[in-house]
Amino acid sequence: MPPKAPATQPIYDDRESEPEGAHLPNARLGPEIQAKIGLQLRSLYNSIVDEGTPDRFVRLLDQLDKDKGTKGSQE
Amino acid sequence: MSLDPSLRDAMLAAVPSLRAFAISLCGNVDRADDLVQEALVRALSNIDSFEPGTNMPAWLFTILRNQFRSDYRKRRREVEDANGKYAESLKSLPEQPGQIELSEFRRALSELPQDQREALVLVGASGFSYEEAANICGCAVGTIKSRVNRARTRLSEMLAIRGAEDIGPDEQTRSVLTGTDSP
Chain F
1 MPPKAPATQP
11 IYDDRESEPE
21 GAHLPNARLG
31 PEIQAKIGLQ
41 LRSLYNSIVD
51 EGTPDRFVRL
61 LDQLDKDKGT
71 KGSQE
Chain S
1 MSLDPSLRDA
11 MLAAVPSLRA
21 FAISLCGNVD
31 RADDLVQEAL
41 VRALSNIDSF
51 EPGTNMPAWL
61 FTILRNQFRS
71 DYRKRRREVE
81 DANGKYAESL
91 KSLPEQPGQI
101 ELSEFRRALS
111 ELPQDQREAL
121 VLVGASGFSY
131 EEAANICGCA
141 VGTIKSRVNR
151 ARTRLSEMLA
161 IRGAEDIGPD
171 EQTRSVLTGT
181 DSP
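Line by line, the protein sequences are chains F and S.
Going letter by letter, the first sequence gives residues 1 to 75 in our numbering.
Going letter by letter, the second sequence gives residues 1 to 183 in our numbering.
These are calculated hints, taken from the structure and not from any lab test.
Honestly, I wouldn't trust all of these hints.
[Stated by the list, open to error] Not everything, but these chain F residues come out facing chain S in the computed CB check (under 8 Å):
#: 1; residue: I37
#: 2; residue: R42
#: 3; residue: S43
#: 4; residue: G52
#: 5; residue: T53
#: 6; residue: F57
#: 7; residue: V58
#: 8; residue: L60
#: 9; residue: L61
#: 10; residue: K68
[As the list claims (entries may be wrong)] Quick list of simulated restraints, FRET-style, between CB atoms:
#: 11; chain 1: F; residue 1: G30; chain 2: S; residue 2: S2; range: 52 to 58 Å
#: 12; chain 1: F; residue 1: D62; chain 2: S; residue 2: A140; range: 36 to 42 Å
#: 13; chain 1: F; residue 1: D62; chain 2: S; residue 2: D48; range: 18 to 24 Å
#: 14; chain 1: S; residue 1: A140; chain 2: F; residue 2: K66; range: 39 to 45 Å
Positions of the beta carbon are idealized from the N, C-alpha and C atoms, including for glycine.
Throw the hints in and build the complete structure from the sequences for me.
Here's what the structure looks like:
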């Protein structure tokens, strides 16, 4: 299994802390549309996250690490 | 000296969300993967400046974003050309249930100013706090808050307009929205 991206925070936990910026004109967002935006944003984002870590990045890190190690031991 | 395995694992674990962020920045899967690659190369060569125990994803996001910004300045013209293709390129992303709504959403997202889009994605999808997002973007917390707000307002305007001409409220979606959060 590819390692899962760490969710550093519960996603979309910011709705309650909205009021600070909510003085903007037209910032009158119904809860339904807000929820919809959050849902779709995460759906789009997670469709990529769910692809996991492509092999090329695993190989890249291993290669870079090896190069680094080789260089280090030559010094 | 070789890379600490725990750092290696932390870097690899951050890749899926790093890719998602990169795609939201540039709107193109191939270019996003190149950005991720450049960020990892850069991160590895500066690994000594990473403080163990701090937030690896946030560190990598910062590197990737800086990379993207400097590329953007270099190839502004190219990016401007690509801007029109942003929504188009996002269509190559995996099919999802609720595809029609999602493609509307993608288009609306692609029309946001870049600052607003990245703030919204960092806070609303990547799960960073406002403070972390502010660090990643190198700006004040209040700036992030107002960008996120403006992004939401604009999206809601765009989606409301399109929703009205396109699709009525979908009962299933409605029940999902008013019910539990996760799909």
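Each hint tested on the structure:
1. Look at I37(F): its Cβ gets to within about 5 Å of chain S, closer than 8 Å, so that hint holds up.
2. Below 8 Å, beta-carbon pairs count as interface contacts, and R42(F) has one with chain S at about 5 Å; its hint therefore holds.
3. Look at S43(F): its Cβ gets to within about 6 Å of chain S, closer than 8 Å, so that hint holds up.
4. Interface restraint check for G52(F): the shortest CB-CB distance to chain S comes to about 6 Å, inside 8 Å, so the restraint holds.
5. Proximity of T53(F) to chain S holds as hinted, the smallest CB-CB distance being about 4 Å (cut-off 8 Å).
6. Given the 8 Å rule on beta carbons, the hint for F57(F) holds: about 5 Å separates it from the nearest Cβ of chain S.
7. Against a cut-off of 8 Å between C-beta atoms, the interface hint on V58(F) holds, since the closest Cβ of chain S lies about 6 Å away.
8. A least Cβ separation of about 6 Å between L60(F) and chain S falls short of the 8 Å threshold, and the interface hint therefore holds.
9. Below 8 Å, beta-carbon pairs count as interface contacts, and L61(F) has one with chain S at about 6 Å; its hint therefore holds.
10. For K68(F), the interface hint holds, since its Cβ comes within 8 Å of a Cβ in chain S; the closest pair sits about 7 Å apart.
11. G30(F) and S2(S) have their C-beta atoms about 54 Å apart, which keeps the hinted 52 to 58 Å range intact.
12. At roughly 39 Å, the beta-carbon separation of D62(F) and A140(S) lies within the given 36 to 42 Å, and the hint holds.
13. The given range of 18 to 24 Å is respected by D62(F) and D48(S), whose C-beta atoms sit roughly 19 Å from each other.
14. With their beta carbons about 42 Å apart, A140(S) and K66(F) fall inside the hinted range of 39 to 45 Å.
In the structure shown, no violation is registered for any of the earlier numbered hints.
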